[in-house]
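Residue numbers (full-length UniProt numbering), protein chains in the order written: chain A, 1 to 413; chain B, 1 to 413.
Everything labelled a hint here was simulated from the structure, so no lab data went into it.
Warning: the hint list may mix true and false statements.
The list treats identical chains as one, so a pair stands whether inside a single copy or across any two.
Distance condition first, Cα-Cα at most 30 Å in a straight line; then the derived DSS-like pairs of lysine-lysine [unchecked claim]:
hint : residue 1 : residue 2
1    : K159      : K265
2    : K265      : K12
3    : K24       : K12
4    : K24       : K98
5    : K12       : K213
6    : K265      : K280
7    : K298      : K98
8    : K12       : K298
9    : K9        : K213
10   : K162      : K280
11   : K9        : K298
12   : K162      : K12
13   : K213      : K265
14   : K280      : K213
15   : K280      : K24
16   : K24       : K159
17   : K298      : K159
18   : K237      : K298
19   : K280      : K159
2 protein chains.
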Amino acid sequence: MGELLEKAKLLKAASYQMAMLTEKEKNLALEQIADALLSNIDFILEENSQDMEAGAAAGFAPPLLDRLQLTEERIRQMADGVRQLIELTDPVGETTEKWTLENGLNIQTVRVPLGVIGMVYEARPNVTVDAAALCLKAGNAVLLRGSSSAARSNLALAKVMKAALQTSPLPEDALQLLEDTSRETATEMFRLNDYLDVLIPRGGAGLIQTVIKQATVPVLETGVGNCHIYIDDSAEKDMAIAIAENAKLQRPSVCNAAETLLIHKDWPHRRALLQSLFDKGVELRGSADLTAECSFMKQAADEDWHTEYLAPILAVKTVENIEDAILHIQTYGTKHSEAIVSENSEQVNMFFRAIDAAVLYHNASTRFTDGEQFGYGAEIGISTQKLHARGPMGLRALTTVKSLVEGTGQIRH
Amino acid sequence: MGELLEKAKLLKAASYQMAMLTEKEKNLALEQIADALLSNIDFILEENSQDMEAGAAAGFAPPLLDRLQLTEERIRQMADGVRQLIELTDPVGETTEKWTLENGLNIQTVRVPLGVIGMVYEARPNVTVDAAALCLKAGNAVLLRGSSSAARSNLALAKVMKAALQTSPLPEDALQLLEDTSRETATEMFRLNDYLDVLIPRGGAGLIQTVIKQATVPVLETGVGNCHIYIDDSAEKDMAIAIAENAKLQRPSVCNAAETLLIHKDWPHRRALLQSLFDKGVELRGSADLTAECSFMKQAADEDWHTEYLAPILAVKTVENIEDAILHIQTYGTKHSEAIVSENSEQVNMFFRAIDAAVLYHNASTRFTDGEQFGYGAEIGISTQKLHARGPMGLRALTTVKSLVEGTGQIRH
Numbered sequence: 001m002g003e004l005l006e007k008a009k010l011l012k013a014a015s016y017q018m019a020m021l022t023e024k025e026k027n028l029a030l031e032q033i034a035d036a037l038l039s040n041i042d043f044i045l046e047e048n049s050q051d052m053e054a055g056a057a058a059g060f061a062p063p064l065l066d067r068l069q070l071t072e073e074r075i076r077q078m079a080d081g082v083r084q085l086i087e088l089t090d091p092v093g094e095t096t097e098k099w100t101l102e103n104g105l106n107i108q109t110v111r112v113p114l115g116v117i118g119m120v121y122e123a124r125p126n127v128t129v130d131a132a133a134l135c136l137k138a139g140n141a142v143l144l145r146g147s148s149s150a151a152r153s154n155l156a157l158a159k160v161m162k163a164a165l166q167t168s169p170l171p172e173d174a175l176q177l178l179e180d181t182s183r184e185t186a187t188e189m190f191r192l193n194d195y196l197d198v199l200i201p202r203g204g205a206g207l208i209q210t211v212i213k214q215a216t217v218p219v220l221e222t223g224v225g226n227c228h229i230y231i232d233d234s235a236e237k238d239m240a241i242a243i244a245e246n247a248k249l250q251r252p253s254v255c256n257a258a259e260t261l262l263i264h265k266d267w268p269h270r271r272a273l274l275q276s277l278f279d280k281g282v283e284l285r286g287s288a289d290l291t292a293e294c295s296f297m298k299q300a301a302d303e304d305w306h307t308e309y310l311a312p313i314l315a316v317k318t319v320e321n322i323e324d325a326i327l328h329i330q331t332y333g334t335k336h337s338e339a340i341v342s343e344n345s346e347q348v349n350m351f352f353r354a355i356d357a358a359v360l361y362h363n364a365s366t367r368f369t370d371g372e373q374f375g376y377g378a379e380i381g382i383s384t385q386k387l388h389a390r391g392p393m394g395l396r397a398l399t400t401v402k403s404l405v406e407g408t409g410q411i412r413h
Numbered sequence: 001m002g003e004l005l006e007k008a009k010l011l012k013a014a015s016y017q018m019a020m021l022t023e024k025e026k027n028l029a030l031e032q033i034a035d036a037l038l039s040n041i042d043f044i045l046e047e048n049s050q051d052m053e054a055g056a057a058a059g060f061a062p063p064l065l066d067r068l069q070l071t072e073e074r075i076r077q078m079a080d081g082v083r084q085l086i087e088l089t090d091p092v093g094e095t096t097e098k099w100t101l102e103n104g105l106n107i108q109t110v111r112v113p114l115g116v117i118g119m120v121y122e123a124r125p126n127v128t129v130d131a132a133a134l135c136l137k138a139g140n141a142v143l144l145r146g147s148s149s150a151a152r153s154n155l156a157l158a159k160v161m162k163a164a165l166q167t168s169p170l171p172e173d174a175l176q177l178l179e180d181t182s183r184e185t186a187t188e189m190f191r192l193n194d195y196l197d198v199l200i201p202r203g204g205a206g207l208i209q210t211v212i213k214q215a216t217v218p219v220l221e222t223g224v225g226n227c228h229i230y231i232d233d234s235a236e237k238d239m240a241i242a243i244a245e246n247a248k249l250q251r252p253s254v255c256n257a258a259e260t261l262l263i264h265k266d267w268p269h270r271r272a273l274l275q276s277l278f279d280k281g282v283e284l285r286g287s288a289d290l291t292a293e294c295s296f297m298k299q300a301a302d303e304d305w306h307t308e309y310l311a312p313i314l315a316v317k318t319v320e321n322i323e324d325a326i327l328h329i330q331t332y333g334t335k336h337s338e339a340i341v342s343e344n345s346e347q348v349n350m351f352f353r354a355i356d357a358a359v360l361y362h363n364a365s366t367r368f369t370d371g372e373q374f375g376y377g378a379e380i381g382i383s384t385q386k387l388h389a390r391g392p393m394g395l396r397a398l399t400t401v402k403s404l405v406e407g408t409g410q411i412r413h
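Just chain A, same shape as in the assembly:
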């Protein structure tokens, strides 16, 4: 039996034990994990340095090396993140609904863990700890499949966490790192329906699409955000400028950053807004009417409307009216986060009703689409699909329900 199947079987068996644990027991295990990370900093850094050396030798670009690198501070942050989970309420066991049928059957639906979660992620080794701790807190067993470039770092972190579980009420088997990082084994993992209840890919669009295309295990799709800001003709000047700049520039590399600005043709402050964005270093790519008006703008091509730049670049278009803006977003949006800046509540209502996206904003930056910002305490990702969970996913998205039916001998007629 190969590594994958062996670990999958251990996880499945462990998942039944996990489902029976109390919140206190799970918190104790998180405490042990946080402590173990801190007392093993040297070991983790040593293993990480080997990944770093191999990465440098393989000619990794500096941003990739940065994502790969662990430091004492980064390990302390991971441990802090684990400790923060202890404060969060465990959703498992919560009764979500309760009703009685005419025949006297009492039904209640209660939250239970999903079971076994497969995490598939890229270079950043902190996901090994962040994701594992979240899954465990919600009572799940977790199979971690990181990238080969971080293999030694991930293995070190998994070893430290598993050793910590040995002195906790949790089964050590509930956490497994897949050491075989080959593509063939990954594909096999994505089709392991008998053992895995869900796959959560975290990383770039390429990784996510690969998982979706190859998987038969249900996937929680996360990630890609081609987010729009629509500035209505009634928008307040300063607010519109502040929101556009924040949504584009506060952290351009993330999925909830804005990528396209749609401006109502009659809004009087277009020039001031664009000048301000340009002065702050944003490369602006606009439709022909705009480039004629603003010499500092570049011409946009059709693909600009499709592009998630993840950089200080912004596509800009003037629209005739809100219907035009809505149509543009329906055509090019990725159903992540979309904002309207407006003082006209009718227009806001229309925007909120017509746009199909995880999160819609009125007079606020799209950058708030985030589990911590939403008050969930932590997030496993931002769902851009419609089943199960939409938008930021916290602990609750890592659970499902079961129905418990209490009878007194009822049979069906």
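Put chain B on the given structure of chain A with help from the hints.
Chain B in isolation, oriented as in the chain A frame:
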């Protein structure tokens, strides 16, 4: 452009209109559909008779021909079913949660339609109407892909419904039947992520597995039920017999019927129960200890514990204790419906906590796992997966949520 892509584009466009409709508008459309079915009985029966002739010529077995056949009564039942949906509360627009962040942002999550639903089903033409009406009531556009053996019946029903939509507030494009029933086009449909939000297969295990294996569009898995009844040593005799007989015999061909009986070794009424089941015509397949005791029982093979008979056959096993029963269900169950008959609340609690299934019963028949029985009014299927919806799926399972965030200029720091 082929039929599939053309219809998918129409559906996508229609789905935006559908999301804006009121409950009253959707009910009006259902009214029109119900009326149209009744006023087109002759046309529908005529088209159905051609499918029946072709089926008979192709040598279809009688049960398949029965599933294919429409009668005036069956069409009236379909129309009644559509009318019953009018009474059900539309879940769309419901606020499911509401909270305010420290920075003053007001967040609410509201129910919205899923979008475009792909229904994939087998011979029974009534699914064409039942599924379409449910999807429309929840504000979705729907692509119907039935089997080629019912092609003329399905097309007749779709034509009648589409004509009815022409005199309703709903876009006629929101309902499309895929006339091309080839496997190649089905596979293409299962991978149409840009246009379809979810696939719901309804039919046998073969169909469901084909969809799961081929699809990249998220699938709501329905169906297979290898359901168990565990009779604890404290179980009341008459109740245990009534529940076992009801779960096996009230309708053996459905997924919530029982397939295996697990009996605690110390329960004193084993012989009476088995004799009674045998007298009622159940073929009993048991472990060696049982066949030695009851001459009317056959020997069970390992595959019996895996089998969803869908027939008056029952596998029977004595177990040492509840842990043994739980382990058996964990090993062979399909996470559908599992029951315990017991007068010992500690044992019931253990069963409810340990078993991972959509619906768990104490002292009641597994036959209640059904949308109408659960009080949902109608069901699109019974989910045996863990994401999104579990157990009977009513209108709410055909919706998702979006988060609406109201701000006053908030930006992220």
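Hints, verified against the model:
Taking identical chains as interchangeable, the C-alpha atoms of K159 and K265 are never at most 30 Å apart, the minima being 59 Å within one chain and 44 Å between chains. Within a single copy, K265 and K12 get their C-alpha atoms only as close as 58 Å, which misses the 30 Å cut-off; across copies the closest is 28 Å, which meets it. Only within a single protomer do K24 and K12 lie at most 30 Å apart by alpha-carbon distance; the minimum there is 22 Å, versus 47 Å between protomers. When the C-alpha separation of K24 and K98 is checked against a cutoff of 30 Å, the pair qualifies both within a copy, at 26 Å, and between copies, at 28 Å.
Proximity of K12 to K213 under the C-alpha cut-off of 30 Å is found in both arrangements, the shortest distances being 24 Å within a copy and 21 Å between copies. Taking the closest pair of Cα atoms, K265 and K280 come within 30 Å of each other only inside a single copy of the chain (23 Å); across copies the shortest separation is 78 Å, beyond that limit. Taking CA atoms no more than 30 Å apart as the test, K298 paired with K98 passes in neither setting, with 59 Å inside one copy and 42 Å between copies. Taking the closest pair of Cα atoms, K12 and K298 never come within 30 Å of each other, the shortest separation being 55 Å inside a single copy and 33 Å across copies.
When the C-alpha separation of K9 and K213 is checked against a cutoff of 30 Å, the pair qualifies both within a copy, at 25 Å, and between copies, at 21 Å. Taking identical chains as interchangeable, the C-alpha atoms of K162 and K280 are never at most 30 Å apart, the minima being 47 Å within one chain and 54 Å between chains. Proximity of K9 to K298 under the C-alpha cut-off of 30 Å is found in neither arrangement, the shortest distances being 56 Å within a copy and 32 Å between copies. Taking the closest pair of Cα atoms, K162 and K12 come within 30 Å of each other only inside a single copy of the chain (16 Å); across copies the shortest separation is 47 Å, beyond that limit.
Proximity of K213 and K265 under a CA criterion of 30 Å is satisfied in neither setting, with 41 Å inside one chain copy and 49 Å between copies. For the homomeric pair K280 and K213, neither the shortest alpha-carbon distance inside one copy (40 Å) nor that between copies (49 Å) is at most 30 Å. Taking the shortest alpha-carbon separations for K280 and K24, neither the intra-copy value of 49 Å nor the inter-copy value of 50 Å comes in at or below 30 Å. Proximity of K24 and K159 under a CA criterion of 30 Å is satisfied intra-copy only: 23 Å inside one chain copy versus 59 Å between copies.
Taking the closest pair of Cα atoms, K298 and K159 never come within 30 Å of each other, the shortest separation being 51 Å inside a single copy and 51 Å across copies. Taking the shortest Cα distances, K237 and K298 sit within 30 Å of each other inside one copy (23 Å), while across copies they are farther apart (82 Å). Taking the shortest alpha-carbon separations for K280 and K159, neither the intra-copy value of 45 Å nor the inter-copy value of 58 Å comes in at or below 30 Å.
Checked against the numbered hints listed earlier, the structure breaks hints 1, 7, 8, 10, 11, 13, 14, 15, 17, 19; every other hint is satisfied.
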